[in-house]
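Chain Z is fixed; fit chain S onto it per the hints.
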Amino acid sequence: MLLALPILLPLATAILLHLLPQRSRLLRVVGFGGSLSVLVAAVWIFVRVQRSGIQVLEIASWPAPFDITLVADVFSAVMVVMVSVIGVAVTATAFAGVDPRREAVGYHPLIQVVLMGVAGAFLTGDIFNLYVWFEVMLIGSFVLMSLHRTRAQLHAAFTYVGLNLLASAFLLTAIGLLYGQAGTLNLADLARAWPERHTPGLDAALSMLFLTAFGIKAGLFPLFFWLPASYHTPPAAVGALLAGLLTKVGVYAMIRVFTLLFPNPHAIVYTVLLVLSAVTMVVGLLGALAQHDFRRVLSFNLVGHIGFTTIGLALWTPAALGGSILYVLHHMLVISTLYLVSGLFLRQRRTTELGALGGLYRSQPAVACLALIPLFSLAGIPPLSGFVAKVAVVAPMIGSGHYLLAAVALCVSLLTVLSMARLWEESFWKPAAMSVSSSGFRPRLGVAMVGPVVFLVSLTIALSAFAGPISRVTARAAEQLLDRNAYVVAVLGQGGPRAAR
Amino acid sequence: MELLLAIIAGALYASGLYLMLRRRLAQLIIGLGLLSHGSNILILSAAGVTRAKPPLMTVGMTADQLADPVPQSLILTAIVIGFGVLAFSLVLAHRVHQSVASDDIDMMGPDRA
Numbered sequence: 001m002l003l004a005l006p007i008l009l010p011l012a013t014a015i016l017l018h019l020l021p022q023r024s025r026l027l028r029v030v031g032f033g034g035s036l037s038v039l040v041a042a043v044w045i046f047v048r049v050q051r052s053g054i055q056v057l058e059i060a061s062w063p064a065p066f067d068i069t070l071v072a073d074v075f076s077a078v079m080v081v082m083v084s085v086i087g088v089a090v091t092a093t094a095f096a097g098v099d100p101r102r103e104a105v106g107y108h109p110l111i112q113v114v115l116m117g118v119a120g121a122f123l124t125g126d127i128f129n130l131y132v133w134f135e136v137m138l139i140g141s142f143v144l145m146s147l148h149r150t151r152a153q154l155h156a157a158f159t160y161v162g163l164n165l166l167a168s169a170f171l172l173t174a175i176g177l178l179y180g181q182a183g184t185l186n187l188a189d190l191a192r193a194w195p196e197r198h199t200p201g202l203d204a205a206l207s208m209l210f211l212t213a214f215g216i217k218a219g220l221f222p223l224f225f226w227l228p229a230s231y232h233t234p235p236a237a238v239g240a241l242l243a244g245l246l247t248k249v250g251v252y253a254m255i256r257v258f259t260l261l262f263p264n265p266h267a268i269v270y271t272v273l274l275v276l277s278a279v280t281m282v283v284g285l286l287g288a289l290a291q292h293d294f295r296r297v298l299s300f301n302l303v304g305h306i307g308f309t310t311i312g313l314a315l316w317t318p319a320a321l322g323g324s325i326l327y328v329l330h331h332m333l334v335i336s337t338l339y340l341v342s343g344l345f346l347r348q349r350r351t352t353e354l355g356a357l358g359g360l361y362r363s364q365p366a367v368a369c370l371a372l373i374p375l376f377s378l379a380g381i382p383p384l385s386g387f388v389a390k391v392a393v394v395a396p397m398i399g400s401g402h403y404l405l406a407a408v409a410l411c412v413s414l415l416t417v418l419s420m421a422r423l424w425e426e427s428f429w430k431p432a433a434m435s436v437s438s439s440g441f442r443p444r445l446g447v448a449m450v451g452p453v454v455f456l457v458s459l460t461i462a463l464s465a466f467a468g469p470i471s472r473v474t475a476r477a478a479e480q481l482l483d484r485n486a487y488v489v490a491v492l493g494q495g496g497p498r499a500a501r
Numbered sequence: 502m503e504l505l506l507a508i509i510a511g512a513l514y515a516s517g518l519y520l521m522l523r524r525r526l527a528q529l530i531i532g533l534g535l536l537s538h539g540s541n542i543l544i545l546s547a548a549g550v551t552r553a554k555p556p557l558m559t560v561g562m563t564a565d566q567l568a569d570p571v572p573q574s575l576i577l578t579a580i581v582i583g584f585g586v587l588a589f590s591l592v593l594a595h596r597v598h599q600s601v602a603s604d605d606i607d608m609m610g611p612d613r614a
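Chains Z and S, in that order, give the protein sequences.
Residues in the first sequence are numbered consecutively from 1, following the working numbering.
Residues in the second sequence are numbered consecutively from 502, following the working numbering.
Extracted from the complex, chain Z is given alone in its bound form (with noise of 0.2 angstroms):
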């Protein structure tokens, strides 16, 4: 039962937001409760784990291929309360205000939709109820979307649902070739019936489908067009939830699926995906610095530090692994901080545009030193979050002798730093552009604008004071995905039923 409170206490705070009187300060307070309770079920399924190992729900009580399970190991729990925590620093903006036009039309639902999909994603053991979950989480965003009505705003959103729409095709035609082959859809017994139903020729289409699939969701060269495209245009609130989480749930299910699936570490998908990822990290970080809006460099970054999630994948070592998810924890909450800081300047300025921005330091020297943080983390500057996951990807790199593309993954780290440097000079350094001196326009920041970046600011601090710990955690979460056995046995028994064909 446990497992399924990260869904299901969604689904009721969504239904609850829907039949409650539409005042807004019940329904913020509600969504906001909503997801803290949430926080706690995901929180109490990591502890369980840590403690007893692979966790696993049979929903109807069928046995174990037969029905949808929910799964969670370590990776799962540690990403639900991920989502959780970015869950509850997102409802919490809603108190400094929601535009009255998107509240009316179900803004705070459509976030725990959001939530619920993708917490779905993150525990399912099922791949057709992964492509369900994707689904439920796209149709959430495709909505908050495109609450709009600006042209810029329809453009986005459109490019947005089109392109997630094509990934959803190429996911569905891939699980449908998988379930011709193998008979089954459970992700454990699809594991075990690994060794019969290997053919290498049908095995690399389906796994460059699976690859298409994901890394559209995931934004990996050159499939990640969409992303920037759109990222800059909803309010920072949703911003923040689209890409502290999405993305995420692309490269989330990118692992799941490839160590469960394909557990051939020499296929030729591993050197593709080498590849793309590195080519990802250059072209991202590339497109940030020719870019000359606060969001859209973010956008840039987000897709460019996607390449450090999926280049442990692609080398298949336990320690590259770790590192990955490790660099997933950390980009997920700095990533959604960042868009959550653009928020603050939306609010002082009304735009993200650098050419508008500037002067804030003099304005606001606190919410300055507080944005230092997170931008300084994501471009891995010691001692803070960023540093502690780019060492964790890079030297397993170095171990392993791919020396061209620890160089890479550096000098892209470089390329971050002047960035991340440019982000906040323009910001926040130079002096304010005239027009905004001269209007004397300065709304202030309350405690809810300020407060969410403040919680997510003091996770980065936490997440690198104890980044020993945590990156243990992360090792485990890499082990247990490699080894496969083990995740087959704790869903199946041993030698429990095989799905009959």
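Treat the hints as calculated values from the structure; they're not laboratory data.
Only a predicted model underlies this, so the values are computations on that prediction, with no experimental measurement involved.
The C-beta atom is built at its ideal place from N, Cα and C for all residues, glycine as well.
Check before you lean on any hint, since a few could be wrong.
[Said to hold, decoys possible] Label-pair restraints from in silico Cβ distances:
1) Z:Arg472 x S:Ala602: 56 to 66 angstroms
2) Z:Thr150 x S:Thr578: 33 to 43 angstroms
3) Z:Ala448 x S:Ala564: 54 to 64 angstroms
4) S:Thr578 x Z:Pro431: 50 to 60 angstroms
5) S:His598 x Z:Pro469: 48 to 58 angstroms
6) S:Met558 x Z:Ala448: 30 to 40 angstroms
7) Z:Ala368 x S:Ser574: 48 to 58 angstroms
Leaving out everything else, chain S in the frame of chain Z:
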């Protein structure tokens, strides 16, 4: 039968992708629809087509006397999801048409005022 289904699925994929590459919004949406039909037929044919064996178990029947019910339920789920998504994209296209007054995706760009 399987050959015919495979050809139909291929044709649906090809025409769906072709339509998605066009500039008109309506064609993009029709392309998405065709693509999802294509993947439904692909699921049906990949899992094996059986003739006149409904998946209803009576006493004394063995599994190979039945059609596999799982692909059918997968397709049913996919049809429902596809229907919802299609309805949503049509509404979105309508909104775009209202605000841009054009069916051309390139006219929607932020720099084309």
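Among the hints numbered above, which are violated by the structure, and what are their numbers in rising order? Violated hint: only 6; rest satisfied.
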